Amino acid sequence: MNWVNAVIQGMLLGGQYALIACGLSLAFGVMRIVNLAHGDLAVCGAYLGLVLSSVLGVPVWVTLPLLLPAAFAVGMGLQVLLFGRALRHGVLAPVLVTFGLSVMIENLLQVAATSDPRGLNGGALTLASFHITSGITVSWLFLTAFLTACAVLSCLQLLLSRTSWGRKVRATADDLDTARLVGIRVRPVFATVAGIAVATAALAGVFIGTIGTFDPQAGTNTLIFAFEAVVIGGIGSLWGTLVGGVALGITQVVVGELNQAYAVLAVHLLFLAVLTVRPGGLFTSHQSAAEARGAGGAGGLRGFQVVGRVRGMRGRGAPG
Amino acid sequence: MKRPAVFRSAAADAGLSVTPVAVSRWSRTASAFTGVSVVVVAGLAAVPFVIGGPAEQPLITLLTFVAMASLWNLLAGFSGLTSFGQNAFIGVGAYALYLVAAHGVNPFLGILLAAIVGAVVALPVSALVLRLTGGYFAVATLVVASVFQIVATLSPSVGGTTGVSVPGLAGYSDVLREALIYWATLIVAVASVAGVYLLVRRTFGLDARAVGSDPVAAASSGVRVGRIRLLAFVVAAGGTGAVGALIALQTLYVEPTSVFSIQYSVDMLFMVLIGGMATIEGPILGALVLFLLQETLSAYGAWYLVIVGGLAVVATLIASRGIWGFASERLGWSLLPVGYRVRPADSGRGRGRRPNPP
Chain A
-12 MNWVNAVIQG MLLGGQYALI ACGLSLAFGV MRIVNLAHGD LAVCGAYLGL VLSSVLGVPV
48 WVTLPLLLPA AFAVGMGLQV LLFGRALRHG VLAPVLVTFG LSVMIENLLQ VAATSDPRGL
108 NGGALTLASF HITSGITVSW LFLTAFLTAC AVLSCLQLLL SRTSWGRKVR ATADDLDTAR
168 LVGIRVRPVF ATVAGIAVAT AALAGVFIGT IGTFDPQAGT NTLIFAFEAV VIGGIGSLWG
228 TLVGGVALGI TQVVVGELNQ AYAVLAVHLL FLAVLTVRPG GLFTSHQSAA EARGAGGAGG
288 LRGFQVVGRV RGMRGRGAPG
Chain B
-17 MKRPAVFRSA AADAGLSVTP VAVSRWSRTA SAFTGVSVVV VAGLAAVPFV IGGPAEQPLI
43 TLLTFVAMAS LWNLLAGFSG LTSFGQNAFI GVGAYALYLV AAHGVNPFLG ILLAAIVGAV
103 VALPVSALVL RLTGGYFAVA TLVVASVFQI VATLSPSVGG TTGVSVPGLA GYSDVLREAL
163 IYWATLIVAV ASVAGVYLLV RRTFGLDARA VGSDPVAAAS SGVRVGRIRL LAFVVAAGGT
223 GAVGALIALQ TLYVEPTSVF SIQYSVDMLF MVLIGGMATI EGPILGALVL FLLQETLSAY
283 GAWYLVIVGG LAVVATLIAS RGIWGFASER LGWSLLPVGY RVRPADSGRG RGRRPNPP
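So the protein lines, in turn, are chains A and B.
Each residue of the first sequence is one higher than the one before, counting from -12 in the working numbering.
Each residue of the second sequence is one higher than the one before, counting from -17 in the working numbering.
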């Protein structure tokens, strides 16, 4: 029963990883930017939730209508001020700029909030739980986090596949220059995508902060986990990201059941193993099929550049 | 100095009016600078005899920075491999030094062995991380550094979380030990700069820059992309391993959270960006800037790092060629030229208007 419990808890934990990761995946798929400050932005979201909920004296959930638009605005601002400019400076500049931003955020948080670990006030939800069987107890909070991740991914998928905004995003992701040629204004598309990425990161940060604790340095590890979920799932595939997150979560909890000290190591090794065996992630073939059909929400979000025999030759303008 | 070779193209032979060009790789400025740097290095080598202790400590820090920056420049500046997990190899070097010293090898000889260990460890690591490019490569290197740190933490033979002190230095007096560490740091720093310089002046340099700016185009022009990346990664890892061994010798203690600190990667990034990527002179200048910043601002703790991060962002967006890129463009200087200089042959040794290509 212990193992079943571990798998269930791991799956629920994986939902949180997927929630952080989907913004990373989206931003890379559309703008080809790996935001190394993504984890730090999630932690910023948690701190913003802390400030708002303690000022207003309400559980952090009540502050979400304030917090998420603020995060969206921050994302758009960052895109306009930093990422967009960095993208014009070539391939390396975004990596350098987002890493510099990550260092800045971590240390600004350190100055503003000290390195004490904090937790968020989740109200009655924090401790509520229900029993499936005698040995398996599921926390409502974990379940909410998992369901939220599924809901966010479904919404993104629907937005991408059904709306005119989604068509613009997919066109831009497919081929920037052609999208411009047919009259898509790329900058607003990029700005909204960055806004959504940061808003989902902030939402994930709120869950992380309610479930556990966070401190200014938590961003790097958050980024690493999100990144591993993205790569394991297959870059550009949103549902793959959920599967990747769940795989990470299950590995972490099951190995943690055996020996807590090896839990994080096992997650990293799983990532490196997937990288060795299937560098494109678990869902590449599905994604490529979706691409070939030109269907499927994130189908246009092409995989990252793998340097190697065949895929290394796929330039940005090559037909997908 | 050799006279620059004069090339006549086939078109010129055919009687078409094509200006013959002279290609040179060296200049009088470069000769003068080489002379100056030999004197400077000799002067630095004499520091323990002339000034002694008080000057050694800050110079050790500065020279360690110079070595780290030059090696990261080989990776990120020339070859386009922005690794933020080079702290992995600092750690590997530090632990390698501990292990060989614990087996009775002289710790100063251990620096060389640590470099070899760093390069050897880099081989399997490269097989994994070099499958990725750009930001994905960067995060994968973070994962590798994290794995190494956890493995060190979980290994009781190297002290686990508490760490170990470096043995084998009890036989030296304090003054001698300090001087030896200083000389070792000087040797590693000079070897890093000179090694990167000589490597980049070879065909490797052209190939690496092609790979760094566009791997697909480089591959289609016949550059063996995988091999170039591998060489850059392994050489940088070996050098960084030697730096890690030096850091272990300087602190006399090896502990996972400090030797695997991501701070080393942040420092490398900052120095190279501020000084100027893909130049030999830039990282040395960047090391000097970081050293001065650290001396003046380290009392402000986290604010110092906010400034470092902010300057890195600003440098990338506004002055992407760094201090040296800016200066050499204005002055037309190239103290350690790595490129080729092409000018009309009949203008002789006059002042060429074109600086070296970046």
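A couple of the hints might just be wrong.
[To be verified] A short list of chain B residues far from chain A (calculated; beta carbon distances all over 12 Å):
#1 Thr64
#2 Gly177
#3 Ser195
[Unchecked claim] Partial list, computed: chain A residues near chain B (C-beta under 7 Å):
#4 Asn(-8)
#5 Ile(-5)
#6 Arg72
[Unchecked claim] Derived coverage of chain B by chain A (criterion: at least 3 residues anywhere in the stretch with Cβ under 8 Å from a Cβ of chain A; other residues may be distant):
#7 119 to 130
#8 216 to 229
These are computed hints drawn from the structure, not numbers from a lab.
Just so we're clear, the structure is a prediction, and the values are computed from it rather than from any experiment.
Ideal Cβ positions, reconstructed from N, Cα and C, are used throughout, including at glycine.
* Status of the Ile(-5) (chain A) interface restraint (C-beta, 7 Å, chain B) -> violated, 26 Å
* To do: Find the nearest Cβ of chain A to the Cβ of Thr64 (chain B) and say whether that gap is larger than 12 Å.
  => The assertion about Thr64 (chain B) is violated, with a minimum of 5 Å to chain A.
* To do: Answer holds if the nearest beta-carbon of chain B is closer than 7 Å to that of Arg72 (chain A); otherwise answer violated.
  => Given a least distance of 5 Å, the restraint on Arg72 (chain A) holds.
* Hint status (Cβ of Asn(-8) (chain A) to nearest Cβ of chain B, threshold 7 Å) -> Hint violated; Asn(-8) (chain A) Cβ to chain B Cβ min 25 Å, cut 7 Å.
* Run the C-beta distances from Gly177 (chain B) to all of chain A and say if the shortest one exceeds 12 Å. => holds, 23 Å
* Three-residue Cβ test at 8 Å for the coverage of the region 119 to 130 of chain B by chain A -> With 8 residues close enough to chain A, the hint holds.
* With a cut-off of 8 Å between beta carbons, are at least three residues of the region 216 to 229 of chain B near chain A? -> Three-residue rule not met by the region 216 to 229 of chain B, so violated; n is 0.
* Please confirm whether Ser195 (chain B) is truly not at the interface, meaning its C-beta sits more than 12 Å away from all C-beta atoms of chain A. => Given that some Cβ of chain A is not farther than 12 Å from that of Ser195 (chain B), nearest at about 8 Å, it is violated.
This entry does not satisfy hints 1, 3, 4, 5, 8, going by the numbered hints stated previously.
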